[in-house]
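> Listed here are the chains, written in short residue letters.
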Amino acid sequence: MEQRVFRSRIEALRREVMDPCGLDMLVAYSDDILSAGAVRYLTDFDIYAMYGLAIVPRRGDVVLAFGQHHSAYLIRVKQAAIADHYAGTSHPGELCAELLAELRTEATPRVGMVGGAHMFNSIHAELRSKMAGASFVDVDREFWSHYCASLGTEGAEPNLRRSAVIASQAVAHARNAFASGQRSAAQIAAGAALSARRLGADIMNRELIQVLCASGMPLPENLAPPARSPLAADALFAIEIAPPYAGQRTVCGRTMLREGAAVSGAEELSRAAAVHASILALLRPGTTGGHIVGEAHRLARAAGFGFSETGELGSGIGLDIRQAPYLVPGDATALSPGMALAIRTRLKSMSFGTIHRADTVLVAERGPDVLTGT
Amino acid sequence: MNSAAVACPRPFPDDEYAARLARVKRAFEPLGVDAVLLQGMRNWYRDHAIRYLCGYDSPVSASLLFLPLDGGEPVLVIGDAWDLERARACSWVSDVRATDDIAATTLELLRLRFKTGKRLGIAGGECMGFTAIDVLPRHLLAAVREAAPAAELIDAGSALQSVRMIRSPAEREMLRRAGKLADAGARAFFATARAGVSERDLWSEIWYAMQSAGAEDLHSSLCRGPGSFWPHPPADDVLTDGDIVSVELSPRINGYFSQANRMCFVGGNGREWRELERLSLGALDLAKSLMKPGVKAKDVVAGVSARVAKSPLATMDMGGVHRIGHGCGIALDEGPYLTSASGAELRPDMTMALHPMIYLPYRHSLLMIGDYVRITETGLEVLTEPQSAVPVV
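Chains A and B are the protein sequences, given in the same order.
Take the first sequence: its position 188, counted from the start at 1, is 188 in my numbering, and no numbers get skipped.
Take the second sequence: its position 183, counted from the start at 1, is 1183 in my numbering, and no numbers get skipped.
These are calculated hints, taken from the structure and not from any lab test.
One or more hints might be untrue.
What follows is a set of in silico ranges between Cβ atoms, one per label pair, in the way DEER data are often shown [stated by the list, open to error]: (1) A:Asp61 with B:Glu1108: 40 to 48 Å; (2) B:Glu1152 with A:Thr108: 30 to 38 Å; (3) A:Ala364 with B:Ser1158: 50 to 58 Å; (4) A:Ala101 with B:Asp1101: 33 to 41 Å.
Idealized CB from N, CA, C, for every residue including glycine.
Whenever a hint applies, use it, and build me the whole structure from the sequences.
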């Protein structure tokens, strides 16, 4: 992240979240490298070293605290992230208290937390203890609303688009591998992930690219981590790939059948793709999640498909693989421009089982912008 | 339930898990706990407790295992409804539940099943000096406190770890497979490393080789110096003439890690490289010869340090601690720790990543060659194919 973008994000956070909420300090937390969330957005830190805490006082230095196994971690964190000060520590409470004291607040200081519900309770207890005079409030909802509204203006959208290109290309790679007779879902997934990395997907100590698959005839309702067992010649194969790029993740998923397979299914898969495209077209500003789910059911039935009743049709995506809003029956959240959504359509076919298709859509003023097309 | 219908055949037979559970329950007895709550997290592979006891891999969300010690049925709670069928197939636990709100489910579960409990053990997720109780997320701790306000929370993570660091015959077989995956990664490393190749491309080829050979996940880091003295994640920087490149290859299969460290020199000075080759391979060979049952970890470290200290080029003192490896298996990095401060005694069927870390102050670089090893009744079994020379690429 460029210094300019960092400063711009921090100032926008102070202006649009901290001031309206009356916060003297905002503390963003994550300990999951697959969901670095607000810490990634604010400091570009990828949660390499155990946990990350982005500490933003009302004014003054922004501090990034992180778990440190060895002082060498500091070198890597400075290379990967941006902040005014970096602190490798298992005890960030003292530092937070120091920053709060520097503000010389007259009234009871107010500390907002993002991701605080999942915070190590030892860290949470220490924050409470060291800032004993402060009041604490969770501001996840306010932060994520701000994030959605800022996506296009604060430098995140290009990364989201690049992630989508990588996801689409990786699915295309998987399709070719499947067509050319790769023997197992694990082999196909390995090639798709390699393709994603070559195109620039984020890399770290462990695999960051999430790949889920299903195979069989009929195809099961749920995807799972790729299996090493051989694929049957006439099996359908479904794959969903979610590669991160500069911390922004998208998802692309397709169901495929080998050419020349004894079972003919191209027409049914095309019909399913058309239903999915119609569902994506519903993602417009002002439309509610509940309405979209209801319409998706109607579109599926009209095309002769059943609709999976379990789980959700989609959710927000970006810094996390799954984040608000959640598209479930009855959801009253109205979509707004700047939201990025992962839509996972699971259409039930009498002959094929569940046909899976997933895409990432950016809600724009003019309507849905489908980022992952293949 | 037909476990063949989903993509997670149970990695071990049920009697293996039954034996583990019996050993673990015996280890919990001195703690006087009524039940144990085990957590499985993702970052840094903090899923080890649940994987060890029931096989479930927590692929996307956190999971919990409630284990009553009064003979009642355990409960596995997972965070992904879509993975419920697979979780039931992966695990021997008959009561598997999916939830969108793991804190609310924990609250409900403890209210029903821990009504009269006084001491609740907490295990799983511990790492890097944090205990299992430390890392229990705030919302879960709040649920525990609400359900059982008077209960005393007891750290049960250490007791669990003391059991699982001794590998069963079935685990040893799995770890031999994991060792072969690291060998596949090592071959890709030597085939790919050369001047001009980026760390990203090197890592990608290594991972692809290990994944194609059957690895489900991995941990990988590297040093590339001068200027790089601690293993770090790959970046976009390229290998350059004069670099010492060492990679740490930790593939995982069915939850089990192995670890091998491989090293090469890029271009540069042949005479210096030969001296560093003798130093690094000699230190590893010496460590292997010293590792046997009954020996204390710090004594092995002292022997290796004394050898390295004879070189005018190198030291093993990195921040006051000398390191030659650590336990490695269902967790990537676990006890016993092979450091100058560790009084742990080596015991048969411990498995370890053995990799003396040798610092070169004059280059600000690290030498690190290592193998995955098992302590036998008399000495050592090496589970990865040893590196016999350090090539110049």
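> Each hint: holds or not?
Taking the hints in turn, this is what the structure says about them:
no.	hint	result
1	A:Asp61 with B:Glu1108: 40 to 48 Å	holds (43 Å)
2	B:Glu1152 with A:Thr108: 30 to 38 Å	holds (33 Å)
3	A:Ala364 with B:Ser1158: 50 to 58 Å	holds (54 Å)
4	A:Ala101 with B:Asp1101: 33 to 41 Å	holds (37 Å)
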